[in-house]
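Trainee: Taken in order, these protein sequences are the chains called A and D. So for the first sequence, my numbering puts the first residue at 623; every next one is plus one. So for the second sequence, my numbering puts the first residue at 623; every next one is plus one.
Keep in mind that the hints are not guaranteed to be accurate.
To be verified - In the SDA-like style, the derived pairs of lysine to any residue whose C-alpha atoms are separated by at most 25 angstroms in a straight line are:
id, chain 1, residue 1, chain 2, residue 2
1, A, K631, D, T744
2, A, K627, D, R724
3, A, K631, D, N755
4, D, K697, A, R661
5, A, K633, A, R661
6, A, K651, D, G741
7, D, K631, A, L696
8, D, K651, D, L696
Think of the hints as simulated: they come from the structure by calculation, not from any bench. These figures come from a predicted structure and were not determined experimentally.
Number of protein chains: 2
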Amino acid sequence: MAALKNIRKLKSIQLNRLSAEQAKAASSKPVVMVLDNIRSALNVGSVFRTADAFRVDAIYLCGITAQPPHREILKTALGATETVRWKYFRDVTDAIEDLRSRGFHIAVIEQTNRSILLGSFTMREQVALVLGNEIEGVSESILPLCDTAIEIPQHGMKHSLNVAVCAGIVLWEIFR
Amino acid sequence: MAALKNIRKLKSIQLNRLSAEQAKAASSKPVVMVLDNIRSALNVGSVFRTADAFRVDAIYLCGITAQPPHREILKTALGATETVRWKYFRDVTDAIEDLRSRGFHIAVIEQTNRSILLGSFTMREQVALVLGNEIEGVSESILPLCDTAIEIPQHGMKHSLNVAVCAGIVLWEIFR
Chain A
623 MAALKNIRKL KSIQLNRLSA EQAKAASSKP VVMVLDNIRS ALNVGSVFRT ADAFRVDAIY
683 LCGITAQPPH REILKTALGA TETVRWKYFR DVTDAIEDLR SRGFHIAVIE QTNRSILLGS
743 FTMREQVALV LGNEIEGVSE SILPLCDTAI EIPQHGMKHS LNVAVCAGIV LWEIFR
Chain D
623 MAALKNIRKL KSIQLNRLSA EQAKAASSKP VVMVLDNIRS ALNVGSVFRT ADAFRVDAIY
683 LCGITAQPPH REILKTALGA TETVRWKYFR DVTDAIEDLR SRGFHIAVIE QTNRSILLGS
743 FTMREQVALV LGNEIEGVSE SILPLCDTAI EIPQHGMKHS LNVAVCAGIV LWEIFR
C-alpha cells in the first residue's frame, strides 16, 4: 500500500527559481570546476547545467574544451551559460596556478595510486575540482600539482562514468 | 605547495574491473531504476553506464523509453547493456506493480508537495527509483502509487538537472 496521498508535482513558479540576474548576484559556493580537454561539447553543457543547480562559482575551460557560445553546449546547458561564470585557459597548468595563487585546494577526480575515495574527502574553504578527457582522463603533467586525488568507488565491468555524471556526483557529495 | 608526490594514473588492468560474465554473475544491489518515458536514448545509455558502475539490479524501461539494441543507447552505454539486466513495460504502472508485488519500496525522483530532500532518504532493503521524462517529469498518474518522493535540493536559476546526472547523484547517495 502506497503512502503518498494528495501528492502533486510542483509548478515552475513554486520552485523558487532565481532569475538570471538574481543567480549572478547571489552568493555562489567557493567551488570552481576545471574541465581539462573535454572532447564532447554536450558534456560541457551538461556540466554548466549542473553547476547552475549547485551554484558553483565558475567553470574553467581548458585546452580543447569547447566554449560558449557553441551549439552543442547550449543544447545541454539549457541557459546555464548565462548564470555560471567561465574562463578559458589554453594550458590547464595556468588554470591550476591561477587557482592555487588564490588559495584554492586543488582536487583532481582520477583513479590514481594516491586517490582517496569520494566519501572520505573533507570539504575545504575553497575547492577546485579537476575533471579530464573522456578517454585519457586528466593531463598526467598536472597530477603532481594537485593537493588531493579523488576516486568515485565503482563496482561494475566498466569502471568508468560519464564525465558530466561524475561532476554531478562529486558536486552533490561536496554540497549535501 | 602541492601534496601529491609520485602520483600516477592507474592502468585499466589495475582497476579490478569485472568481465561481462563476472559482472552478470556477481551479486548486484537490490535497486531497480525505472525510466518512465525518457525521450533521449543518449540519456538511457548513460543511465545504463552508471547502473553498471554501481551494480544496480535492473533497469525497467517504460513507455516511449528506447530499448537496446539502439544506436544512441550503445553510444553512451559503452557496453553496459551487456552487464545490466533490463525489461520493457509499455505502461509504467505495470512496472510499479511488478516491483511492489516483489516487496520493493517505490521512490520517485520528482519535485512535489510531498517530496523529502535526497539527503534525508533512508535506504531500504529493496528500492525502486523512478525517473521521468526530461520535460514533463514522471507520469502524474503514478505519483499516488509511490511510497516516497525525493527531491535533489537545487539552488540555481534552472532548478533542473539532466536525468542521467540525476540518476548518478541518487545512486551515489544510496550506495555511498
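Trainee: Determine for every hint whether it applies to the structure shown.
Mentor: Comparing the hints with the structure gives:
In summary, the hint linking A/K631 to D/T744 is supported, as the alpha carbons are separated by about 22 angstroms, within the 25 angstroms threshold. Simply put, A/K627 and D/R724 have alpha-carbon atoms about 22 angstroms apart, close enough for the 25 angstroms limit, and the pair holds. For the proposed pair A/K631 and D/N755, the alpha carbon gap of about 13 angstroms is at most 25 angstroms, so the pair holds. Among the hinted pairs, D/K697 with A/R661 is consistent with the structure: their alpha-carbon atoms are about 14 angstroms apart, no more than 25 angstroms.
A C-alpha spacing of about 36 angstroms is found between A/K633 and A/R661, which places the hinted pair above 25 angstroms, so the restraint is violated. The hinted pair formed by A/K651 and D/G741 meets the criterion: a straight-line CA distance of about 19 angstroms does not exceed 25 angstroms. Taken as a hint, the D/K631 and A/L696 pair is broken in the structure, with Cα atoms around 32 angstroms apart against an allowance of 25 angstroms. Straight-line distance between C-alpha atoms of D/K651 and D/L696 comes to about 23 angstroms, which keeps the hinted pair within the 25 angstroms bound.
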